[in-house]
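Trainee: Next come the chains, spelled out residue by residue.
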Amino acid sequence: MKLYDGGKIFIGILVFVAFAAFPFYYNIGKMNARPEPKVDTPAIQEWEKQYGKKECVESKEFMRAEHMQLLNDWRDMVVREDNRGYISNSNHKRFDMSLQNGCMNCHSNKKKFCDECHNYMSVKPYCWDCHIQPKEKEENKS
Amino acid sequence: MSMDRRHFLKIAGISSILGFGASIAQATPLTLLTGLDPSQVDKNKEALSAKRWAMVVDMSKFKTEDDFKKVINACHQTHNVPDFRNADGSVNKKDEIKWIWEAPYEKAFPGQDNKYMSEHIKDMPFLVLCNHCDNPPCVRVCPTKATFKLPNGITMQDEHRCIGCRFCMAACPYGSRSFNWRDPRPAIRNENKEYPTRTRGVVEKCTFCTERLAKGKRPVCVEAAPKGGLLFGDLEDPNSEIRKIVTNRYTIRRKSDLGTGPAIYYIVGGGDHA
Chain A
1 MKLYDGGKIF IGILVFVAFA AFPFYYNIGK MNARPEPKVD TPAIQEWEKQ YGKKECVESK
61 EFMRAEHMQL LNDWRDMVVR EDNRGYISNS NHKRFDMSLQ NGCMNCHSNK KKFCDECHNY
121 MSVKPYCWDC HIQPKEKEEN KS
Chain B
1 MSMDRRHFLK IAGISSILGF GASIAQATPL TLLTGLDPSQ VDKNKEALSA KRWAMVVDMS
61 KFKTEDDFKK VINACHQTHN VPDFRNADGS VNKKDEIKWI WEAPYEKAFP GQDNKYMSEH
121 IKDMPFLVLC NHCDNPPCVR VCPTKATFKL PNGITMQDEH RCIGCRFCMA ACPYGSRSFN
181 WRDPRPAIRN ENKEYPTRTR GVVEKCTFCT ERLAKGKRPV CVEAAPKGGL LFGDLEDPNS
241 EIRKIVTNRY TIRRKSDLGT GPAIYYIVGG GDHA
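So the protein sequences, as listed, match chains A and B.
Be aware that the first sequence starts at 1, since it is given in our numbering, and climbs by one per residue.
Be aware that the second sequence starts at 1, since it is given in our numbering, and climbs by one per residue.
Worth double-checking, as some hints may not be accurate.
Unchecked claim - Just a few of them, taken from the derived set where beta-carbon distance is under 8 angstroms, the chain A residues facing chain B:
hint: 1; residue: Lys8
hint: 2; residue: Lys53
hint: 3; residue: Leu71
hint: 4; residue: Asp73
hint: 5; residue: Val79
hint: 6; residue: Asn83
hint: 7; residue: Gly85
hint: 8; residue: Tyr86
hint: 9; residue: Ile87
hint: 10; residue: Asn89
hint: 11; residue: Lys93
hint: 12; residue: Gln100
hint: 13; residue: Asn101
hint: 14; residue: His131
hint: 15; residue: Ile132
Said to hold, decoys possible - Here are the computed lysine-lysine pairs in the DSSO-like style, where the Cα-Cα straight-line distance is at most 27 angstroms:
hint: 16; chain 1: A; residue 1: Lys93; chain 2: A; residue 2: Lys124
hint: 17; chain 1: B; residue 1: Lys193; chain 2: A; residue 2: Lys54
hint: 18; chain 1: A; residue 1: Lys135; chain 2: B; residue 2: Lys193
hint: 19; chain 1: A; residue 1: Lys111; chain 2: B; residue 2: Lys193
hint: 20; chain 1: B; residue 1: Lys122; chain 2: B; residue 2: Lys61
hint: 21; chain 1: A; residue 1: Lys135; chain 2: A; residue 2: Lys124
hint: 22; chain 1: A; residue 1: Lys135; chain 2: B; residue 2: Lys215
hint: 23; chain 1: B; residue 1: Lys43; chain 2: A; residue 2: Lys93
hint: 24; chain 1: B; residue 1: Lys215; chain 2: A; residue 2: Lys93
hint: 25; chain 1: B; residue 1: Lys217; chain 2: A; residue 2: Lys93
hint: 26; chain 1: A; residue 1: Lys124; chain 2: B; residue 2: Lys215
hint: 27; chain 1: A; residue 1: Lys60; chain 2: A; residue 2: Lys110
hint: 28; chain 1: A; residue 1: Lys93; chain 2: B; residue 2: Lys69
hint: 29; chain 1: A; residue 1: Lys60; chain 2: A; residue 2: Lys135
hint: 30; chain 1: B; residue 1: Lys107; chain 2: B; residue 2: Lys70
hint: 31; chain 1: A; residue 1: Lys110; chain 2: B; residue 2: Lys193
hint: 32; chain 1: B; residue 1: Lys115; chain 2: B; residue 2: Lys217
hint: 33; chain 1: A; residue 1: Lys93; chain 2: B; residue 2: Lys145
hint: 34; chain 1: A; residue 1: Lys38; chain 2: B; residue 2: Lys193
hint: 35; chain 1: B; residue 1: Lys45; chain 2: B; residue 2: Lys70
hint: 36; chain 1: A; residue 1: Lys112; chain 2: A; residue 2: Lys30
hint: 37; chain 1: A; residue 1: Lys124; chain 2: B; residue 2: Lys193
hint: 38; chain 1: A; residue 1: Lys111; chain 2: A; residue 2: Lys124
hint: 39; chain 1: A; residue 1: Lys112; chain 2: B; residue 2: Lys145
hint: 40; chain 1: B; residue 1: Lys193; chain 2: B; residue 2: Lys217
Everything labelled a hint here was simulated from the structure, so no lab data went into it.
Think of the CB as a built atom: it goes at the ideal place given N, C-alpha and C, for glycine as much as any other residue.
Build the full structure now, drawing on both the sequences and the hints.
Mentor: Okay, here's the thing in structure tokens:
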């Protein structure tokens with residue numbers, strides 16, 4: 001069997017592989033740091049002092065996995081059903097269903113709480129096109 | 001392959017049964033779709049509620065230009081309504097967003113003017129806003145149900161769903177809806193941190209302050225108006241103040257002949273002033 005233009009073909013394959021693998025070797029050594037969302041805002045510390053533990057509207061595990069679904073449900077409940085109170089399944093406390101006047105009251109650190117993971121995962125929710133984010137001090141370092 | 005008539009009908013019958021089955025399986029009730037268990041939802045205790053919210057505008061109570069400005073500014077400030085200006089400081093009419101504004105008599109009540117009516121009424125500005133109609137044409141044309149009726153009569157706007165098609169603006173006979181041609185944020189000078197802004201490409205309008213009603217407060221325009229100028233209440237409640245006024249006084253509504261059933265009632269004349 002004879003391979004015609006073998007040299008050209010192999011060079012072509014090599015160029016293609018080099019091009020397709022560009023993202024891999026470009027990022028070698030630049031290991032992305034694991035996102036470390038922070039829950040240490042003054043409001044949360046205040047809560048911890050008062051109730052003896054950090055707690056959100058639902059358990060940490062639930063919020064990690066389901067917060068986007070919960071926010072969707074809250075939005076539909078508030079805007080479309082005109083109901084604004086939420087009773088937690090985990091601690092049976094009552095919370096206002098509100099992003100701007102609820103979640104962000106405690107989680108006033110949007111950059112270290114929301115963006116930390118969303119940027120890592122390249123998720124771009126459009127919450128802040130309309131909802132006003134809490135004022136944060138510009139970080140001096142990093 | 002050939003197929004006789006009997007075989008064809010069998011296949012057609014079975015596939016239509018399968019089709020119906022699928023459509024029934026999909027038709028789950030809305031409460032299931034929101035995912036929240038009813039036991040998890042708790043209405044605010046202090047919330048104001050009504051069968052049919054409505055408003056009476058008593059024009060005789062508005063005496064100076066300042067009375068109008070106060071109401072308009074209070075609303076627009078509370079709801080982060082942008083104020084687009086031209087370079088010379090005049091209002092940019094193309095980009096203007098308005099929830100409550102002034103209109104002359106012939107614009108507010110077209111066809112009801114006559115040659116001999118008093119100059120005062122002709123020249124007086126009228127306070128106009130979304131009429132929260134019984135039969136709102138905006139709701140009928142909205143392709144995404146971004147605008148819809150709440151059971152308390154308010155015509156509500158869900159900015160999350162609005163796709164900016166502006167059908168509602170074409171349908172509304174009152175011009176109550178404004179489109180965000182540009183990002184509104186730079187034109188909001190003093191933003192209210194407790195209320196969202198809008199984004200480019202959505203339509204907005206008055207919501208009868210649903211967010212304030214939920215906290216037991218009346219709409220902000222009612223609080224900013226001169227005493228008795230704007231009255232807000234439940235039209236279905238025979239003992240409410242506004243029901244008594246609508247029954248006992250002569251009121252007019254904007255373009256009620258169109259059949260939209262507007263819920264804003266105007267008292268024109270009767271006072272010492274208009």
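Trainee: Does each hint fit the structure? Answer for all of them.
Mentor: The hints, checked one at a time:
The interface hint given for A/Lys8 is broken, as the beta carbon of that residue sits about 49 angstroms from the closest beta carbon of chain B, more than 8 angstroms. Annotation: A/Lys53 was flagged as interfacial toward chain B, and the flag is violated, the nearest CB pair being 21 angstroms apart, outside 8 angstroms. At a threshold of 8 angstroms, the smallest CB-CB gap from A/Leu71 to chain B is about 11 angstroms, leaving the interface hint violated. Hint on A/Asp73 holds. Least Cβ distance to chain B is approximately 5 angstroms, under the 8 angstroms limit.
Given the 8 angstroms rule on beta carbons, the hint for A/Val79 holds: about 5 angstroms separates it from the nearest Cβ of chain B. The beta carbon of A/Asn83 is positioned within 8 angstroms of a beta carbon in chain B (closest approach about 5 angstroms), and the interface hint is therefore held. Residue-level restraint check for A/Gly85 holds (minimum Cβ-Cβ distance to chain B is 4 angstroms; threshold 8 angstroms). Interface hint at A/Tyr86: satisfied, since its Cβ lies 6 angstroms from the closest Cβ of chain B, which is below the 8 angstroms cut-off.
With its C-beta approaching chain B no nearer than about 5 angstroms, A/Ile87 sits inside the 8 angstroms limit, and its interface hint holds. Checking A/Asn89 against chain B by beta carbon gives a least distance of about 7 angstroms; that is within 8 angstroms, so the hint holds. About 11 angstroms separates the beta-carbon of A/Lys93 from the nearest beta-carbon of chain B, more than 8 angstroms, and the hint is not met. With a least beta-carbon distance of about 6 angstroms to chain B, the hint placing A/Gln100 at the interface is held under the 8 angstroms criterion.
Checking A/Asn101 against chain B: minimum C-beta separation of about 6 angstroms stays under 8 angstroms; hint holds. Interface hint status for A/His131: upheld, as the beta-carbon distance to the closest one in chain B is roughly 5 angstroms, under 8 angstroms. Annotation: A/Ile132 was flagged as interfacial toward chain B, and the flag holds, the nearest CB pair being 6 angstroms apart, inside 8 angstroms. Using a Cα cut-off of 27 angstroms, the hinted pair A/Lys93 and A/Lys124 is violated, with the two alpha carbons roughly 30 angstroms apart.
As the CA atoms of B/Lys193 and A/Lys54 are separated by approximately 26 angstroms, the hinted pair is consistent with the 27 angstroms bound. At most 27 angstroms may separate the alpha-carbon atoms for a hinted pair to count; A/Lys135 and B/Lys193 meet this at roughly 10 angstroms. Taking the CA atoms of A/Lys111 and B/Lys193, the gap is about 18 angstroms. The hint holds against a cut of 27 angstroms. Proposed proximity of B/Lys122 and B/Lys61 is supported: the alpha carbons are some 17 angstroms apart, at most 27 angstroms.
Restraint check for A/Lys135 and A/Lys124: satisfied, since their Cα atoms lie roughly 20 angstroms apart, inside the 27 angstroms limit. Between A/Lys135 and B/Lys215 the alpha-carbon distance is near 25 angstroms, which keeps this suggested pair within the 27 angstroms criterion. Of the supplied pair hints, the one linking B/Lys43 and A/Lys93 holds, its CA atoms being roughly 14 angstroms apart against a limit of 27 angstroms. Distance restraint check for B/Lys215 and A/Lys93: the Cα-Cα separation of roughly 18 angstroms lies within the 27 angstroms cut-off, and the hinted pair is therefore satisfied.
Only pairs whose Cα atoms come within 27 angstroms are accepted, and B/Lys217 paired with A/Lys93 is accepted, the gap being roughly 24 angstroms. As the CA atoms of A/Lys124 and B/Lys215 are separated by approximately 32 angstroms, the hinted pair breaks the 27 angstroms bound. Annotation: proposed proximity of A/Lys60 to A/Lys110 holds, straight-line Cα distance about 17 angstroms (limit 27 angstroms). About 42 angstroms separates the Cα atoms of A/Lys93 and B/Lys69, which puts this hinted pair outside 27 angstroms; it is violated.
Annotation: proposed proximity of A/Lys60 to A/Lys135 holds, straight-line Cα distance about 25 angstroms (limit 27 angstroms). Among the hinted pairs, B/Lys107 with B/Lys70 is consistent with the structure: their alpha-carbon atoms are about 22 angstroms apart, no more than 27 angstroms. The hinted pair formed by A/Lys110 and B/Lys193 meets the criterion: a straight-line CA distance of about 15 angstroms does not exceed 27 angstroms. For the given pair, B/Lys115 sits about 43 angstroms from B/Lys217 by alpha-carbon distance, which is inconsistent with the 27 angstroms threshold.
With a C-alpha separation of about 33 angstroms, the suggested pair A/Lys93 and B/Lys145 falls outside the 27 angstroms cut-off, and the hint is violated. Of the supplied pair hints, the one linking A/Lys38 and B/Lys193 holds, its CA atoms being roughly 23 angstroms apart against a limit of 27 angstroms. Using a Cα cut-off of 27 angstroms, the hinted pair B/Lys45 and B/Lys70 is violated, with the two alpha carbons roughly 30 angstroms apart. For the suggested pair A/Lys112 and A/Lys30, the alpha carbons sit about 21 angstroms apart, so the restraint of at most 27 angstroms is met.
A threshold of 27 angstroms between alpha carbons decides the hint, and for A/Lys124 with B/Lys193 the separation of about 22 angstroms falls inside it, so the pair holds. Of the supplied pair hints, the one linking A/Lys111 and A/Lys124 holds, its CA atoms being roughly 13 angstroms apart against a limit of 27 angstroms. Of the pairs offered as hints, the one joining A/Lys112 and B/Lys145 is violated, with about 35 angstroms between alpha carbons and a cut-off of 27 angstroms exceeded. This hinted pair checks out: B/Lys193 and B/Lys217 have alpha carbons roughly 18 angstroms apart, not beyond 27 angstroms.
Violated hints for the displayed structure, listed by number in ascending order: 1, 2, 3, 11, 16, 26, 28, 32, 33, 35 and 39.
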